[in-house]
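Sequences listed follow chains P and D, in order. For the first sequence, the working numbering gives the first residue as 687, with consecutive numbering after it. For the second sequence, the working numbering gives the first residue as 41, with consecutive numbering after it.
It is worth saying that the hints were derived from the structure and are not from the lab. The beta-carbon is built from N, C-alpha and C at its ideal position, and this holds for glycine as well. A couple of the hints might just be wrong.
[Stated by the list, open to error] To list a few chain D residues with every Cβ distance to chain P over 10 Å, as calculated: (1) R63; (2) S85; (3) R96; (4) A112; (5) E115; (6) E156.
[Unchecked claim] With beta-carbon atoms standing in for the labels, derived distance ranges: (7) P:W1273 <-> D:A48: 36 to 42 Å; (8) D:A75 <-> P:D1300: 36 to 42 Å; (9) D:R71 <-> P:G1275: 46 to 52 Å; (10) D:V177 <-> P:E789: 57 to 63 Å; (11) D:D140 <-> P:W1273: 22 to 28 Å; (12) D:E153 <-> P:G1212: 54 to 60 Å; (13) D:H104 <-> P:D1020: 55 to 61 Å; (14) P:P1276 <-> D:A48: 23 to 29 Å; (15) P:L989 <-> D:A174: 36 to 42 Å; (16) D:E153 <-> P:P936: 29 to 35 Å; (17) P:V1152 <-> D:V177: 29 to 35 Å.
[What the hints assert, rightly or not] Residues of chain P placed beyond 12 Å of chain D at every Cβ, according to the derived structure: (18) R703; (19) F772; (20) G787; (21) A907; (22) L1094; (23) A1236; (24) P1260; (25) D1269; (26) M1288.
The lines below spell out each chain.
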Amino acid sequence: MSHNGITRFLPRAEFHRLIEALVADGRTVIGPTVETEAIVYGEIKAASDLPEGWSDEQAPGQYQLVPRDDGRLFAYSVGPTAWKRFTFPPETQLIEADRAGSELTFSAAVDEVRPSAFIGVRACDLAALGVTDRVFADGKYTDPHYRARRLAAFIVAVQCTHPAQTCFCSTMGTGPEVEAGADIVLTELDDGFVATASSEEGASFLAGLGLQEASTDQGDAATSAVARARELLGEALPFAGLADRIGDHPDHPRWDNVATRCLACTNCTLTCPTCFCNGHVPTSDLSGEHTGVDRHWNSCFMLGFAEVAGGNFRSRVRDRYRQWLTHKFSTWFDQFGTTGCVGCGRCITWCPVGIDVREEVAAILELPAPAAPSENVRATDAGGRSLAQPVSTDGSRDVLPPMPTRVLGRLEETADTVTLTLDATVFEQRPQAGQFLMVSVPGVGSPPISISRIGADTVDITVRGVGEATRALCATEPGTQVGVSPPLGRGWPLDAAQGKDVLVVAGGIGLAPVRPIVDAVLADRGRFGMVHLYIGARTPRDLVFAAEMAALAQREDIVCGRAVDRADAIWNEPVGVVTSLFDRASWLGPGTVVYMCGPEVMMTATLHVLAAADVRSDQIFLTMERRMDCGVGLCGHCQIGPYFVCRDGPVFSAAELTGVLGVEGL
Amino acid sequence: MPAVAELAETWFGAGLSDVACRRLGELGSIRMFPAGTTIYTEGQSTPCLGVVTEGRAQFRRRVHGRDDATLATIERGDVFGWTALGGSGRAAASVLAVTDVTAIVVEAGALRELLEGDEHLAAEVYRRLFDAIARSVEHFHLQLMDMYG
C-alpha cells in the first residue's frame, strides 16, 4: 500500500499541520464535520472542525451521534453525505445559449474548479469514486465537469475502524481496507495516525510534513485496527454470483412486498455514493435570449423518471425498487464492468422505514446458508482492475454543447407531426440510418429525435408535437436555428440484410426512424431479395409520409401495406393491427431480415408472429424508445435491463432484448 | 366447378384436403358484392358461410354512443358468416365490402347436412374453420385492446 516506502506517524495533536499544509497548497479542504446532528462532509478550515470526540450508532432507519471521551477524530462510520456531492454536485450548469434574432450560439458553462482535498475518505467511498469514474470519465463520452473536479481532488483516506451495523463492504469486496485510489492513507490510533503515501503526490506531500517514521508497533497497531474492523463486519453475505442471479427474478413476490414498505422517497439514491441519475433542466431569462441547461440530481424512484410522451415505463413502486436494486447489483456489471454497490450501508441507515437492501437481496435469492467470504463477489474482480483506480484522462470524448444549425425546410405531415429539414454540414461524420439527434430548443428542452432521412448535406427529422419541447420544434420555421448534437447511437445494420429478404414494420411515428433504412435498401435494390414495408397507424389521418408511401406502393420492387386502427369513411385498406398484414405470409422465414419501430406492444406482438415464422431473433432489429435526457449514457434515464438505450442502442437485435422487451415495468 | 378451383387457391382451401376442398366447393357458389355492400348486418341471420376470394371487407360492430367500430379487415382466404353453423345463427358483427368483393358462399343448411353426414369431413372442415375464426378473434382482441385498452 505504501508508496516509495514512506510510512510516517502523525501525532493527533499535530493533525492541524496536515490541514494547514493542504490549505497552503491552495486547496479547499473537505472532510467530516458535525452538522444537524450528523457527521457530514463540508469545508474544513481547521482541525477543530472535525468531529473530535464523536462516534455514531447506525441501524436500519436509525442514526445517532454518540459522544466519546478519547478525542479520536474519525471514530465513526460514513454519514449521509457521499463524496459525489463534490465531484458531481447536485446542481451543475452545463450549457449556456444566446439567441440574437434567428441566430443561436451555444457554449459550455464555465465551471471554475479549485484544487481540493478530501479528508476522511473510507475504503467504500474510495471504491465509490472508482465506480463513478467509470460512469462519467471512462466511457465513450465523458463529463468534463466531473473529470475536472475529480482530478482536482487530493485524497486523504482514513482506514475504517468503526464499521456500522449497516455496513457490508467486506461482502462487496470494497473494504474495510483501503487498497488503491488515495494519495495518502491514514490509520487512526489512540495518539495519532499511521500515514502511508499511495501516490507520488501523496509521497511528496507527506515528505513535506517532516514527520517521523512510524514505529513497528505503530504499524502493527494500525494493521490490527483494520483487522478488527473486518471482524466487526462479520461474515460476508452469501452473494456469490449475485450479478447473474438477481436479474433472474423479475416477478418475485418480494418486489410487491417491498413496494408496500418503500415510500419512494429517494433517500437511498440521494445518500448512495454511486447513484448518478440526473436530469437536464432548461433555464431561461425573462427575454428568452439567454438560456441554458442545468443538470440536477434525479432518482429512479421519482415517478416521472421513466416518463415518456404517452406513458410511464415504471409507474409502480415495485418496478422502481426493482430497477434500483437490480441496477446496483446486476446490470451495473453489464454497463460499467463492476458492481454499483460498494456496501457503505447508507441506503439502509437513511431509509425512513428501515428497508435493508441486504435482506431484500437475500429474500429474492432465497439464499442458502452463508458461503465463505472468498466466494463472494468482489467489486475489484470485475474488469480485472481496481475500482478505485485514478480517473482516466484520455481515450474518450467530452460531451460538447449543441451545435447551432439552420432549419432549411418544414413539412406538415399530420395535424401534430412535422418534418424539418436541417443543415447537416455541421456534422463531422455522415449520420447513419437509425441514429438520432438531441435537438435543442433553447430554454425549452432538448428531446431526442430520430433522423428520418439522410440527404447529401441535410438531414430530416420528423417530430410529433406531444410535449413542450417537441411542440416548440414543430413550430420552428425555416431560416431559424436550433441546436443539435452529433448523430448519436447505434444505427440499423444494413449489411445484415445483404442477399436476404427484407421486412420493414413501422407503427405510427415509428415510420420516421425506419425510413432511412427503406431509402438505403431502395438505393441499392439489387443487394436484397424481396422487400416488404408494412405500416400501422391509429387512423388514416395519422399516417406520416403519406404521399411518399403512396408512390412507393406503385413500385414493383417493394410490397407496401398499411393498416389503421380506426378507419374513416373512405378508407378501404386493412383495419387492424399491423401484424395482420403479414401473419400468414409464406415468404417469412429464416431468410428474412426485419427492421422495426413502433410502440413496444406492437413490437412484442410482431416478435411473436416472426418467431412463429422461424425468423431468427438475431436477424430482427428494432429501435427502442425510452426517456433520454443526455443522449450519451450519462444520465441513467433510458435504462432498459442491461442497456442504456442512447448509448447501447437505440437499435438492438431482438436476441439482445431477450428477457427485456415486453417485461412490464422494466 | 369454378368455386372448387377458386377455393383451393385461397389460404382457407389450401389447408383442406383435395376431397374436402372439392366437396365444400361443389356446395358453394361464387357471389360478387360491390364496394359499399353490407353483406351481413349485425344481429340479423346469417344464412351462408363465406370465403373471400378477392377484395376486402370489414367486420363492424355498433358501439353505443359512438361510430361503428371496425374490428378487423378480411381479405382473400378469410371467412365470414360462421355463425351460420352454430350459436344464435345471427351475425355478431356486420360485414361490409369496402372494395368489390368476390366470395364463395355456402348455404348453411346444406353445409350442416353435408358435415353431419360425414364425420371425417366435418372434423377436417371444422378444424380449418376453427383456425380461421381463431385468427379473426385474435385480431378482434388486439384491436379492442388497442382501441380501448
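Evaluation of the provided hints:
At roughly 24 Å, the least C-beta separation between R63 of chain D and chain P is larger than 10 Å, which holds for a residue marked as non-interface. Even its closest Cβ contact with chain P, about 25 Å, leaves S85 of chain D beyond 10 Å, as expected for a residue assigned away from the interface. Not every CB of chain P lies more than 10 Å from the CB of R96 of chain D, the least distance being 6 Å, so the non-interface label is violated. With a closest Cβ-Cβ approach of about 5 Å to chain P, A112 of chain D is found to fall inside the 10 Å limit, against its non-interface label.
Consistency note on E115 of chain D: stated as away from chain P, yet its beta-carbon is not over 10 Å from all of that chain's, at 7 Å minimum. Every CB of chain P is more than 10 Å from the CB of E156 of chain D (nearest about 30 Å), matching its label as outside the interface. For W1273 of chain P and A48 of chain D, the Cβ-Cβ distance of about 20 Å falls outside the hinted range of 36 to 42 Å, so the restraint is violated. Distance hint check: the CB atoms of A75 of chain D and D1300 of chain P are about 37 Å apart, consistent with the given range 36 to 42 Å.
At about 35 Å, the beta-carbon gap between R71 of chain D and G1275 of chain P misses the expected band of 46 to 52 Å. For the pair V177 of chain D and E789 of chain P, the supplied restraint of 57 to 63 Å holds, since their beta-carbon distance comes to about 59 Å. Restraint check, D140 of chain D to W1273 of chain P: a C-beta distance of roughly 26 Å satisfies the suggested window 22 to 28 Å. Our hint of 54 to 60 Å for E153 of chain D and G1212 of chain P holds, since their Cβ atoms are close to 56 Å apart.
Between H104 of chain D and D1020 of chain P the Cβ separation comes to about 51 Å, which falls outside the hinted range of 55 to 61 Å. Checking the proposed 23 to 29 Å range against P1276 of chain P and A48 of chain D shows it holds: the Cβ atoms sit about 28 Å from each other. A C-beta distance of roughly 40 Å is found between L989 of chain P and A174 of chain D, which places it inside the suggested range of 36 to 42 Å. As the Cβ distance of E153 of chain D to P936 of chain P is approximately 54 Å, the hint placing it in 29 to 35 Å is violated.
For V1152 of chain P and V177 of chain D, the Cβ-Cβ distance of about 33 Å falls inside the hinted range of 29 to 35 Å, so the restraint holds. A cut-off of 12 Å between C-beta atoms confirms that R703 of chain P is not in contact with chain D; the least separation is 70 Å. The beta carbon of F772 of chain P sits about 48 Å from the closest Cβ of chain D, which is more than 12 Å, so the claim that it is off the interface holds. G787 of chain P, annotated as away from the interface, keeps every beta carbon of chain D farther than 12 Å; the closest lies near 46 Å.
The beta carbon of A907 of chain P is kept farther than 12 Å from every beta carbon of chain D, the shortest such distance being approximately 69 Å. For L1094 of chain P, the condition that its CB be more than 12 Å from all CB atoms of chain D holds, with the nearest at approximately 37 Å. Here A1236 of chain P stays apart from chain D, with its beta-carbon at least about 17 Å from theirs, past the 12 Å limit. Remark: the non-interface label on P1260 of chain P conflicts with the geometry, its nearest Cβ contact in chain D lying 4 Å away (cut-off 12 Å).
Annotated as non-interface, D1269 of chain P brings its C-beta within 12 Å of a C-beta of chain D; the closest such distance is 8 Å. Residue-level check failed: M1288 of chain P sits 9 Å from the nearest beta carbon of chain D, not beyond 12 Å.
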